[in-house]
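If you want the building blocks of each chain, they are given just below.
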Amino acid sequence: MDAGILSILLQAPLYLGTLRLMVPITLPAIGEIITERSGVVNIGLEGIIMLGALASVYVGYFTGSLALALLAGILAGACVGILHGIISVYLGGDQIIVGVGVNVFAYGLGVITLYLTWGTFANSPLIPDSARVPDFYGISPFVILTLISGVAAWYLLERTSIGLRLKAVGENPKAADSAGINVFRIRFIATVVGAIFAALGGTFLGLDWLASYTRDISAGRGFIALAMVVFSKWNPVLAILSGLLFGFFFALSLAIPSGIIPDQLVWSLPYAATLLVAAGFFTKTRVPAALGRPYKRE
Amino acid sequence: MKISANLENYLKPVMESAISLLAGFLAGGIIIWIAGFNPILFYEALIAGAFGDLYSTLNTLSYSTPLILTALSFAIAARASLFNIGAEGQMYFGVLAAVAIGAFIPLPPVLHQLSIMALAILLGGIWGAVAGWLRVSRGVNEVVSTIMMNFLALYLVNYLATYVFYDPLQAYKTKSILSSAELPIIVPGTDLSLAFPLSIITALIFYLLLWRTPLGYEIRAVGLNPSAAKYGGIDVRRTMVVSMFLSGAAAALAGAFEVMGRFYYTDTGLSIVKNMGFDGIAVSLVGRNHPIGIILSSIFFAMLKTGIQAVQRSTSVGGRTGVPLELGLVVQGIIIIFVSIPEILRLIQGIRRREV
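So the sequences go chain by chain: P and R.
So the first sequence is numbered by the working numbering: it starts at 11 and just counts up by one.
So the second sequence is numbered by the working numbering: it starts at 13 and just counts up by one.
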């Protein structure tokens, strides 16, 4: 191996970068696992990340308050989650189409807001320091939040009766319904919770990493998160590990000077790996049985 | 009685699409209003900008060309109950085919264009069929596989454009295609090239294929009820893979035509065609996955594009750009969200009844 690459591999910034790069893909992935285990797909993660970032940067910029900025990001996620939940759970609409619509809408709204507010098409000015997320002993609190969320989500799904009911709804909604579980309510709540997690990923980008909003702020992270859900076999703890793995690849592609390995090859790895895992070439995966299918009472 | 029932069958989807479009325009109007413009004047300027004279009308038609093809791509898979959101990546292979053959292999005219189209159909078709194969033989949902494959296609074509097909004089783009590979402009002074009639012909072929051939019958039967189709003796797996091939082929033609009839090269980041594959989803949904509906809704979405460009030009003052083009995306996003609501007509009627 090239001596240059070896020295990069031995440096601390690469691993600190990995920890940070893990956050904005892992939080949405954990949320999406909760949503998908209940039987609902939300491919609008990309858009929700943008809207979460946009809302928190906007509020953070004008109020200078971290608390209000965080709240705005969470609210933006909740709003999209409620919209998605109403259409796909209660009205039985097509979950994929709603997600596509959210992605298109969010990108457009982001650019328009940039232009109307700051007169630019590229990126907002930095938010004031008071609205930025302070580091905690050199590590972003979002890193800790991500780790705790993953473990907590795993505990919720595998060790509590709420988790049992949520999975029942995602596997066999009809049976769950006849057992007296409110299929619609559980799916709706799981969709809103998932969307809030995705928005938190965006909030991290806006209030922590970039401290601003840029037009391509999400840069495909919502789709990586969707990939991670499959890659980690709908397990939130494995989602943390795959987040670290994918985060490492991205940190590596940033750290390696261009020309040694084509960037395109490094960027392709997460998607290629996910495709292979989904196709069962390494291990067997099992998709929640009722995933993507609206439930209707007969 | 029979006639009116028939008419209702046609009218209902048209009405539902119309409601979605209306909702998109209303919500867009609110944002325009918040932005400090008069929505009515804005929409007047938009329509005038898209259809005000022959020149702008033909340009609008020209912009509808790639949308027709990517929408057909979505529709033919949707007719077989497959959700192909991979038109974006499949389209990139058409761009690749156009640049590879158009700029690097000298051929006589006609043969040159036909070779590009053949390679585009082959590459895009195979890329689509792989997702179809993964679905039927490995159980990979096509939504997951096509999302992954969009990124793989982007990086692969981006790599080839950057390192193999680049222009040594201007490294941000590939070499331009030879004039023998161009699709000629059919009305001088406009952007309307031969690509437009070719895409209309493709739509008609898709229409005939779906409703006048055994393959089309099989595709629609699989889409309506896969298990019934199977008992009816249809090879469901083969039908799905074939429809994904056709889907990828149509998307690739969109990419090839944009190079052959408009830009004559691509930038290495593929921004000349970016998102047109995703645009096709909205176009097809509003057109109810029907080739004729798709032609109409393509023209509508193209109007949104050329119209807003015109409004931007007219509202630009002293180096400051006017209304952002992305306004069209906001309207488009809202339209898609409304299209996803089933039975929207009944819902509205229900609300009205409750009020009475």
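None of these hints come from the bench; they were simulated from the model.
Treat each hint with caution, since some may be false.
With a Cα cut of at most 30 Å, we get these calculated DSSO-like pairs of lysine-lysine [stated by the list, open to error]:
| no. | chain 1 | residue 1 | chain 2 | residue 2 |
| --- | --- | --- | --- | --- |
| 1 | R | 286 | R | 242 |
| 2 | P | 243 | P | 177 |
| 3 | P | 184 | P | 306 |
| 4 | P | 177 | P | 306 |
| 5 | P | 306 | R | 286 |
| 6 | R | 24 | P | 306 |
| 7 | P | 184 | R | 242 |
| 8 | R | 185 | R | 24 |
| 9 | P | 184 | P | 243 |
Beyond 12 Å from chain R on every Cβ pair, some chain P residues (computed) [stated by the list, open to error]:
| no. | residue |
| --- | --- |
| 10 | 174 |
| 11 | 191 |
| 12 | 274 |
| 13 | 282 |
| 14 | 307 |
| 15 | 308 |
C-beta: ideal position from N, C-alpha, C; glycine also.
Here's how the hints hold up against the structure:
1. 286(R) <-> 242(R): Since the Cα atoms of residue 286(R) and residue 242(R) sit roughly 38 Å apart, the hinted pair is violated (cutoff 30 Å).
2. 243(P) <-> 177(P): With Cα atoms ~14 Å apart, residue 243(P) and residue 177(P) stay inside 30 Å; holds.
3. 184(P) <-> 306(P): Judged against 30 Å, a Cα distance of about 9 Å means the pair holds.
4. 177(P) <-> 306(P): With a Cα-Cα distance of about 18 Å, the restraint between residue 177(P) and residue 306(P) holds, given a limit of 30 Å.
5. 306(P) <-> 286(R): Violated, at about 37 Å.
6. 24(R) <-> 306(P): 22 Å, holds
7. 184(P) <-> 242(R): Given that 30 Å is the threshold and the Cα spacing comes to 25 Å, the pair holds.
8. 185(R) <-> 24(R): Given that 30 Å is the threshold and the Cα spacing comes to 47 Å, the pair is violated.
9. 184(P) <-> 243(P): Status holds; Cα separation ~24 Å.
10. 174: 25 Å, holds
11. 191: Check passes; 24 Å lies beyond 12 Å.
12. 274: Residue 274(P) is in fact no farther than 12 Å from some Cβ atom of chain R, at 4 Å.
13. 282: 6 Å, violated
14. 307: 15 Å, holds
15. 308: 17 Å, holds
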